[in-house]
Amino acid sequence: MGKVIAIANQKGGVGKTTTTVNLGACLAEKGKRVLMIDMDPQGNTTSGFGIDKDKLLNTSYEVLLGEAEVKDSIISLPEYKIDILPASIDLAGAEVELIGVEKREGLLDEKLQVVRDQYDFMLIDCPPSLNILTINAFQASDSILVPIQCEFYALEGLSQLINTINLVKQRLNPKIEIEGILFTMFDNRTNLCTQVVEEVKAFLPTKIYETKIPRNIRLAEAPSYGMPVIYYERSSKGAISYMQLAEEVIQKNAQ
Numbered sequence: 048m049g050k051v052i053a054i055a056n057q058k059g060g061v062g063k064t065t066t067t068v069n070l071g072a073c074l075a076e077k078g079k080r081v082l083m084i085d086m087d088p089q090g091n092t093t094s095g096f097g098i099d100k101d102k103l104l105n106t107s108y109e110v111l112l113g114e115a116e117v118k119d120s121i122i123s124l125p126e127y128k129i130d131i132l133p134a135s136i137d138l139a140g141a142e143v144e145l146i147g148v149e150k151r152e153g154l155l156d157e158k159l160q161v162v163r164d165q166y167d168f169m170l171i172d173c174p175p176s177l178n179i180l181t182i183n184a185f186q187a188s189d190s191i192l193v194p195i196q197c198e199f200y201a202l203e204g205l206s207q208l209i210n211t212i213n214l215v216k217q218r219l220n221p222k223i224e225i226e227g228i229l230f231t232m233f234d235n236r237t238n239l240c241t242q243v244v245e246e247v248k249a250f251l252p253t254k255i256y257e258t259k260i261p262r263n264i265r266l267a268e269a270p271s272y273g274m275p276v277i278y279y280e281r282s283s284k285g286a287i288s289y290m291q292l293a294e295e296v297i298q299k300n301a302q
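Numbered per the working numbering, the sequence shown spans residues 48 to 302.
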């Protein structure tokens with residue numbers, strides 16, 4: 048049975064999709080069977096693997112609405128050793144279309160059961176807001192990985208997210224937990240970055256990844272070429288950092 052990890056933060060611009068794409072690619076590079084699940088209407092995880100969102104027949108939107116099966120919607124990408132359930136802008140309408148649907152918070156979980164045993168890891172890229180798509184991702188997940196940019200308001204956003212996770216745990220998914228906190232866009236030359244890290248460690252001392260993702264130009268460039276950074280520039284600091292993160296995730300889940 049595969050481990051399902053939602054990658055989420057209610058704040059935008061924290062490296063959520065960058066982490067989804069590159070962690071997934073690095074886990075696959077290390078021999079793990081990985082399914083990427085794009086639940087963000089922007090579809091940046093989809094385009095991050097070079098897929099044209101405008102030419103897709105079946106996406107996570109059709110799966111949620113019961114118009115397509117997961118197994119018929121997954122795209123295999125042998126060049127990256129990975130599978131993906133893609134997204135398109137149609138997903139933005141799902142919230143309205145699912146009004147009145149019974150047990151709508153559990154639709155994704157129900158659909159993924161069919162393929163869970165085919166993968167070691169399933170990573171869900173969530174939208175940067177709390178809506179029915181995010182709640183579906185949380186109910187389907189075993190844990191949540193939270194990317195945090197090292198900035199002044201980081202702890203405030205983290206508090207809000209933890210409150211949301213606790214509500215989901217109480218009402219929908221009692222098994223869910225925080226997989227870990229990942230610091231992104233990290234610059235150890237600044238006092239602010241160091242201060243934010245220390246504050247978050249005091250807040251959640253047992254859930255911090257050792258790996259920190261640096262600001263890196265190759266990491267920023269890779270999406271415009273439609274590929275993960277380890278395929279764009281394997282020797283870059285960004286690629287090395289995400290390979291280290293993948294190793295941490297594997298070791299944690301081997302225990």
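In case anyone wonders, no lab produced these hints; they're calculated from the structure. Ideal placement from N, C-alpha and C gives every residue a C-beta, glycine not left out. Keep in mind that the hints are not guaranteed to be accurate.
[Said to hold, decoys possible] Cut-off 20 angstroms, straight-line C-alpha distance, at most; resulting in silico cross-link-like pairs (PhoX-like, lysine-lysine):
#: 1; residue 1: LYS118; residue 2: LYS100
#: 2; residue 1: LYS58; residue 2: LYS222
#: 3; residue 1: LYS77; residue 2: LYS50
#: 4; residue 1: LYS222; residue 2: LYS77
#: 5; residue 1: LYS248; residue 2: LYS299
#: 6; residue 1: LYS128; residue 2: LYS79
#: 7; residue 1: LYS50; residue 2: LYS248
#: 8; residue 1: LYS259; residue 2: LYS248
#: 9; residue 1: LYS77; residue 2: LYS118
#: 10; residue 1: LYS128; residue 2: LYS118
#: 11; residue 1: LYS79; residue 2: LYS102
#: 12; residue 1: LYS100; residue 2: LYS222
#: 13; residue 1: LYS259; residue 2: LYS216
[As the list claims (entries may be wrong)] Simulated restraints on C-beta separations:
#: 14; residue 1: LEU251; residue 2: ARG218; range: 14 to 24 angstroms
#: 15; residue 1: GLU198; residue 2: GLY147; range: 33 to 43 angstroms
#: 16; residue 1: ASN213; residue 2: PRO125; range: 36 to 46 angstroms
#: 17; residue 1: GLN242; residue 2: GLY97; range: 19 to 29 angstroms
#: 18; residue 1: THR253; residue 2: GLY97; range: 36 to 46 angstroms
#: 19; residue 1: ASN235; residue 2: GLU295; range: 15 to 25 angstroms
#: 20; residue 1: GLU224; residue 2: GLY78; range: 20 to 30 angstroms
#: 21; residue 1: ILE146; residue 2: THR241; range: 39 to 49 angstroms
#: 22; residue 1: GLU126; residue 2: GLN165; range: 43 to 53 angstroms
#: 23; residue 1: GLU149; residue 2: SER206; range: 39 to 49 angstroms
#: 24; residue 1: SER206; residue 2: ASN178; range: 12 to 22 angstroms
#: 25; residue 1: GLU149; residue 2: ASP234; range: 42 to 52 angstroms
#: 26; residue 1: PRO125; residue 2: LEU202; range: 19 to 29 angstroms
#: 27; residue 1: ASP101; residue 2: VAL161; range: 36 to 46 angstroms
Hint check results:
1. LYS118 x LYS100: 18 angstroms, holds
2. LYS58 x LYS222: 24 angstroms, violated
3. LYS77 x LYS50: Holds - the C-alpha atoms of LYS50 and LYS77 are around 16 angstroms apart, at most 20 angstroms.
4. LYS222 x LYS77: 27 angstroms, violated
5. LYS248 x LYS299: Holds, at roughly 18 angstroms.
6. LYS128 x LYS79: Given pair LYS128, LYS79 holds - Cα atoms ~9 angstroms apart, limit 20 angstroms.
7. LYS50 x LYS248: 25 angstroms, violated
8. LYS259 x LYS248: 13 angstroms, holds
9. LYS77 x LYS118: 24 angstroms, violated
10. LYS128 x LYS118: 17 angstroms, holds
11. LYS79 x LYS102: 28 angstroms, violated
12. LYS100 x LYS222: 33 angstroms, violated
13. LYS259 x LYS216: 28 angstroms, violated
14. LEU251 x ARG218: 14 to 24 angstroms: 22 angstroms, holds
15. GLU198 x GLY147: 33 to 43 angstroms: At 39 angstroms between Cβs, range holds.
16. ASN213 x PRO125: 36 to 46 angstroms: Given about 40 angstroms between the Cβ atoms, the range holds.
17. GLN242 x GLY97: 19 to 29 angstroms: 38 angstroms, violated
18. THR253 x GLY97: 36 to 46 angstroms: Check passed, 37 angstroms falls within 36 to 46 angstroms.
19. ASN235 x GLU295: 15 to 25 angstroms: 18 angstroms, holds
20. GLU224 x GLY78: 20 to 30 angstroms: 25 angstroms, holds
21. ILE146 x THR241: 39 to 49 angstroms: 46 angstroms, holds
22. GLU126 x GLN165: 43 to 53 angstroms: 19 angstroms, violated
23. GLU149 x SER206: 39 to 49 angstroms: Cβ of GLU149 to Cβ of SER206: about 32 angstroms, so the range 39 to 49 angstroms is violated.
24. SER206 x ASN178: 12 to 22 angstroms: 19 angstroms, holds
25. GLU149 x ASP234: 42 to 52 angstroms: This hint holds: roughly 48 angstroms between Cβ atoms.
26. PRO125 x LEU202: 19 to 29 angstroms: 42 angstroms, violated
27. ASP101 x VAL161: 36 to 46 angstroms: At 27 angstroms between Cβs, range violated.
The structure fails hints 2, 4, 7, 9, 11, 12, 13, 17, 22, 23, 26, 27 (numbered hints given earlier, in ascending order).
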